[in-house]
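Each protein sequence line maps, in turn, to chains L and S.
Each residue of the first sequence is one higher than the one before, starting from 2 at the first, in my numbering.
Each residue of the second sequence is one higher than the one before, starting from 2 at the first, in my numbering.
One or more hints might be untrue.
A pair holds if it fits inside one copy or across any two, identical chains being indistinguishable in the list.
[As the list claims (entries may be wrong)] Only pairs whose alpha carbons sit at most 25 angstroms apart, straight line, appear in this in silico SDA-like list of lysine to any residue:
#1 Lys123 x Leu62
#2 Lys6 x Asp51
#3 Lys91 x Asn127
#4 Lys123 x Met13
#5 Lys123 x Trp38
#6 Lys82 x Arg111
#7 Lys82 x Lys123
#8 Lys82 x Leu11
#9 Lys6 x Glu72
#10 Lys123 x Ala97
#11 Lys123 x Ala67
Since the hints were derived computationally from the structure, they do not count as laboratory data.
Protein chains: 2
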Amino acid sequence: MSQWKQIQQLEMRLLEQVDYLYDDNFPMDIRQGLANWIEAQDWDTAADEDSAAAVLFFSLLSQLEAALSREHNFLQRHNMKIIQQQLQGKYANNPAAMARVISNCLNEERRILSTACMQQQKSLQN
Amino acid sequence: MSQWKQIQQLEMRLLEQVDYLYDDNFPMDIRQGLANWIEAQDWDTAADEDSAAAVLFFSLLSQLEAALSREHNFLQRHNMKIIQQQLQGKYANNPAAMARVISNCLNEERRILSTACMQQQKSLQN
Chain L
2 MSQWKQIQQL
12 EMRLLEQVDY
22 LYDDNFPMDI
32 RQGLANWIEA
42 QDWDTAADED
52 SAAAVLFFSL
62 LSQLEAALSR
72 EHNFLQRHNM
82 KIIQQQLQGK
92 YANNPAAMAR
102 VISNCLNEER
112 RILSTACMQQ
122 QKSLQN
Chain S
2 MSQWKQIQQL
12 EMRLLEQVDY
22 LYDDNFPMDI
32 RQGLANWIEA
42 QDWDTAADED
52 SAAAVLFFSL
62 LSQLEAALSR
72 EHNFLQRHNM
82 KIIQQQLQGK
92 YANNPAAMAR
102 VISNCLNEER
112 RILSTACMQQ
122 QKSLQN
């Protein structure tokens, strides 16, 4: 099961922590739409290496372009085009910043999931 | 048929003109989610009258709150909460500005629809 699917099974209190991770810097629409691809990339390395970050930045744009070409819903297409423009505006000159944001989101998600796991184990022991 | 439904039946070239009308100032998610309610309000009057604009601003927030309470999808809820915050940040102190934006969008949509209608009639006459 993808990390993102596990996240969505969390209780409301923990989901609200996830809510705070996502904004224009890394829209949740992308996190959900490209969940498996995002989780398969090495964002931690890209956060520290400009060349790796540039490769991932252009790969992400290409993933979005492919998703856009498959999308026929007018509202979804509109939102995807806005997200493409936002990412290009924010990160074209600094892709490592995008890698840091995504790396941070994924690490925070893992922290929240492990908190949930530990709470569950604790309640089973009691 | 609502104006918004008519819009979505336009050809791509005209749909792209609609695309440009919608951004953070008036997100298309709201235009679609509250299409009938939005089309039933008098935004032209509210654009010139602060008291009418304030009533419509709080009514819109209340419509959004009701939609949020019915929504169970995590991503959709997240996006709706962001839109609520954006609208409050942008227009709480100047609701007439929101009314002007919405009034302008609806008028531009009508202009685009009438262009499409005239083009259709012209092609039928030839």
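**Report entry** Hint numbers not upheld by this structure, sorted from lowest to highest
**Finding:** 1, 2, 3, 5, 7, 10 and 11
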